[in-house]
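> What follows is each chain in one-letter form.
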Amino acid sequence: MTLQTALIKQIIEGAIFAHSTPLSLDDLAVLFVEEERPTRSQLSALIKEIQQDYHQRPLELVEIASGYRFQVRAQFSPWISKLWQDKPPRLSRAMLETLAIIAYRQPVTRAEIEAIRGVVVSTQIIKALFDRDWIAVVGHRDVPGRPALLATTREFLDAFSLKSLADLPPLAQVRDLGLIEQELALRAQSTPAQVQE
Amino acid sequence: MTLQTALIKQIIEGAIFAHSTPLSLDDLAVLFVEEERPTRSQLSALIKEIQQDYHQRPLELVEIASGYRFQVRAQFSPWISKLWQDKPPRLSRAMLETLAIIAYRQPVTRAEIEAIRGVVVSTQIIKALFDRDWIAVVGHRDVPGRPALLATTREFLDAFSLKSLADLPPLAQVRDLGLIEQELALRAQSTPAQVQE
Amino acid sequence: MSELASPADTSPIVAVNDPFYARVYGESYTKLPDDLYIPPDALAVILEAFEGPLDLLLYLIRKQNIDILDIPVAEITRQYISYIELMQALNIDLAAEYLLMAALLAEIKSRLLLPKPSQAEDDEEDPRAELIRRLQEYERFKKAAEDLNELPQEGRDIYSAHAEPPIRYLLPTEPFVGDFSLLLDAMHDVLKRAELQQSHVIASEGLSLEQRLKDILSQVKSGESIVFHRLFPAHEGRLGVVVTFMAILELLKQKMIEIVQDAVFSAIYVRQRLLEGEA
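Chains as they are written, first to last, in our numbering: chain A, 8 to 204; chain B, 8 to 204; chain C, 142 to 420.
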């Protein structure tokens, strides 16, 4: 490594700011010709330094799924949001539910989503999720009709500030079906009148 | 002004970073409710402080025609430009020549541009410059046909990182139009361009 | 994007975040009072506030604050069907799923009303089990969707920070051989300067192109890059400029030299062109 560490640090800081999407360590490494290229651990160490440097500033350098990005610290959002006249559209419940099922159950087919939600999933919702690059077709289920298998993308994780799917809020536990039946049977025995009108 | 100066400073710093186009003092002022709103001179003073704060960093807070923006310092370009491996197509030479003539000779008519370039200026070129909002009609020459007088816009200045037309390299010092074109072409690479002609 | 906007946004009837009830003009709305005229549109809004029959069922169950496992099927069925009937009475175009669910509930109710075969009890699944399983499953994702909505969203809660990319330089030593207009333009400037120097011009004679070719080559021979303008001795005036320029063009044509520039607006250099393989 012939470049000075200070210069490398400035280059990666500038690059993360200049690029419109997050940059991974690999993205950062290719900015340097081979003989000048820092190792991943060197890059990581420099990123930690930069994170320290911005400690007092209204920005933070965060790691999300596809890499590192600078973002304005959340406490300034009330003011910053005034920069835009139009508030971003709220995500509808239908869209959020569909997205949640894809996120937690991926890969899933549209029919499987419909089975869980109990209603038809509108084409517009699926299209809106594709438009945002939040979902992608990752294959086809080997059943008649070969329906598309849907999964979430890195852009989805980025949009929700997640590093990986493991960072999703835990899905509520379902009581085991066998237990449910036992329980139902027990309750039916103890309160047989309950189902009567 | 009930907000602490330190907080106002952080808000404007965050806002300039968060917004995709430069912010003027007026743009910054409206982030604050009236009773908290800093004056223009207070904002200016805070901006100077922020400029100082970034003295050691690879970016600088610069003022251009339509306001303030952060920009990565030019010396890091050799590394950071590698982020855009697939360079957007360059602006055509004809387009750049036309633009350079308008910039230095404004206001000019199309016929005058053609006289300087020695060739007909295609309608597509003029249209492409209008499409980018780099030129505008500012009047009409009082000659038969009343041809439109073309001039460059603030967007042109922004696109080429100029604060005002006075910041164009003086024509006397400019060795040639070709160099201006080179310069323009390079800077314009950051804006996706479709090549005319 | 129209499907993103909740219908509740534009109506006095608001599906509150808490999905277990709706509000009409601020009043908690849990059943359809007989004496209240509700415009059909408003009911459609209520219906749209539900994401389907499972959602409506969950709402009816939660409203009574009972465990899913304890569904009083008969009562829930009655409520559910009264909702559906009202919707139909108001000509609301019900999704088929709502009707299917009504049929399923009716079937479960009737099975539960049948006397249980005392011995075969273990073999037969409780008719509610499948419905409970589906309700539970749906409720998990309903909750997951709410959790997802709580996460910081870019553009809503989180603003990414960017700076303009640096102004780009030419790649160092990228030759622009062949860009003659560049040189011609540069010439203009040189000529202009030469004119300013006119008073210093002395009688110029014996300026030969051959000699100038050799001179230039010898200047760049060492591998040094020479600033373009330096090649033009000011004292030679216009003629000297022309001869020098022609020599440069000739050497370029013969590929003996090349013109390079390290950065925009930096000086133009002339240097010896290395042969293939020498570089």
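Worth flagging that the hints you see were computed from the coordinates, not collected in a lab.
Take these hints with a grain of salt, some might be off.
In silico DSS-like cross-links for lysine-lysine, where the CA-CA straight-line distance does not exceed 30 Å [said to hold, decoys possible]:
hint : chain 1 : residue 1 : chain 2 : residue 2
1    : A       : Lys-89    : B       : Lys-89
2    : C       : Lys-362   : C       : Lys-394
3    : A       : Lys-55    : A       : Lys-94
4    : A       : Lys-170   : B       : Lys-134
5    : C       : Lys-284   : A       : Lys-134
6    : A       : Lys-170   : A       : Lys-134
7    : C       : Lys-204   : C       : Lys-284
8    : A       : Lys-134   : A       : Lys-55
9    : A       : Lys-55    : B       : Lys-89
10   : C       : Lys-284   : C       : Lys-355
11   : C       : Lys-394   : C       : Lys-355
12   : C       : Lys-355   : C       : Lys-396
13   : C       : Lys-284   : C       : Lys-250
14   : B       : Lys-170   : A       : Lys-89
15   : B       : Lys-170   : B       : Lys-134
16   : B       : Lys-170   : A       : Lys-55
17   : A       : Lys-94    : C       : Lys-284
18   : A       : Lys-170   : C       : Lys-362
19   : B       : Lys-134   : B       : Lys-55
20   : A       : Lys-170   : A       : Lys-89
> For the pair supplied as a hint, Lys-170 (chain B) and Lys-89 (chain A), is the alpha-carbon distance within the 30 Å limit?
Holds, because 26 Å separates the two Cα atoms, which is no more than 30 Å.
> Would the hint linking Lys-284 (chain C) and Lys-250 (chain C) be met if the CA-CA limit is 30 Å?
Between Lys-284 (chain C) and Lys-250 (chain C) the Cα gap is close to 28 Å, so the pair holds against 30 Å.
> With a cut-off of 30 Å on the C-alpha distance, tell me whether Lys-134 (chain A) and Lys-55 (chain A) pass.
violated (39 Å)
> For the pair we were handed, Lys-170 (chain B) and Lys-55 (chain A), check the Cα-Cα distance against 30 Å.
violated (35 Å)
> Can you confirm whether the C-alpha distance between Lys-134 (chain B) and Lys-55 (chain B) stays at or below 30 Å?
violated (39 Å)
> Is it true that the CA of Lys-55 (chain A) sits at most 30 Å from the CA of Lys-94 (chain A)?
violated (33 Å)
> For the pair supplied as a hint, Lys-170 (chain A) and Lys-89 (chain A), confirm whether the alpha-carbon distance does not exceed 30 Å.
Roughly 28 Å between the alpha carbons, so the hint for Lys-170 (chain A) and Lys-89 (chain A) holds.
> Hint check: Lys-284 (chain C) vs Lys-355 (chain C), CA-CA at most 30 Å. Holds or violated?
It is violated: about 84 Å lies between the C-alpha atoms, which goes past 30 Å.
> Mind checking the alpha carbons of Lys-170 (chain A) and Lys-134 (chain A) for me, to see if they're no more than 30 Å apart?
Status holds; Cα separation ~25 Å.
> Between the alpha carbons of Lys-204 (chain C) and Lys-284 (chain C), is the straight-line distance 30 Å or under?
Holds - the C-alpha atoms of Lys-284 (chain C) and Lys-204 (chain C) are around 16 Å apart, at most 30 Å.
> Do the alpha carbons of Lys-362 (chain C) and Lys-394 (chain C) lie within 30 Å of each other, as the hint requires?
holds (17 Å)
> Hey, Lys-284 (chain C) versus Lys-134 (chain A), does the alpha-carbon distance stay inside 30 Å?
holds (23 Å)
Consistency with the previously given hints fails for numbers 1, 3, 4, 8, 10, 16, 18, 19, ordered from lowest to highest.
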